[in-house]
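Peer 1: Sequence:
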Amino acid sequence: KIFNAEGKQVYQLNKKNIAERDQLYIPVSGLSRGSYILQINYNGLIRSEQFIKN
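Numbering (the numbering used here), first residue to last: 27 to 80.
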């Protein structure tokens, strides 16, 4: 999931059975410039990272 600075979810990708070394392409070209939070849920472990789209 991707959330904007106001906490609104702006993107979600559901993919099951992802191998540990798989890489996902997340298209961010449709997002406006700004600060976002990328939230990844991998087998119940949730990790959040902030990124900036220029």
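Since the hints were derived computationally from the structure, they do not count as laboratory data. All C-beta atoms in this analysis are idealised placements derived from N, C-alpha and C, irrespective of residue type, glycine included. Treat the hints loosely; a few may be bogus.
Simulated pairs of lysine-lysine, PhoX-like, Cα-Cα distance not exceeding 20 angstroms [to be verified]:
#: 1; residue 1: K27; residue 2: K79
#: 2; residue 1: K41; residue 2: K27
#: 3; residue 1: K79; residue 2: K34
Listed next, with one range per pair, are the computed distances between beta-carbon atoms [as the list claims (entries may be wrong)]:
#: 4; residue 1: S74; residue 2: Q49; range: 16 to 22 angstroms
#: 5; residue 1: N69; residue 2: A31; range: 17 to 23 angstroms
#: 6; residue 1: E32; residue 2: N69; range: 15 to 21 angstroms
#: 7; residue 1: N80; residue 2: Y51; range: 14 to 20 angstroms
#: 8; residue 1: N67; residue 2: N30; range: 16 to 22 angstroms
Peer 1: Evaluate each hint against the coordinates.
Peer 2: Evaluated hints:
1. K27 - K79: holds, 15 angstroms
2. K41 - K27: Measuring from Cα to Cα gives roughly 11 angstroms; hence the hint holds.
3. K79 - K34: holds, 16 angstroms
4. S74 - Q49: 16 to 22 angstroms: The hinted range 16 to 22 angstroms holds for S74 and Q49, with Cβ atoms some 18 angstroms apart.
5. N69 - A31: 17 to 23 angstroms: Check failed, 28 angstroms falls outside 17 to 23 angstroms.
6. E32 - N69: 15 to 21 angstroms: violated, 29 angstroms
7. N80 - Y51: 14 to 20 angstroms: The hinted range 14 to 20 angstroms holds for N80 and Y51, with Cβ atoms some 19 angstroms apart.
8. N67 - N30: 16 to 22 angstroms: Between N67 and N30, where Cβ atoms are some 18 angstroms apart, the hint holds.
In summary, the structure is inconsistent with hints 5 and 6 from the numbered list given earlier, while agreeing with the others.
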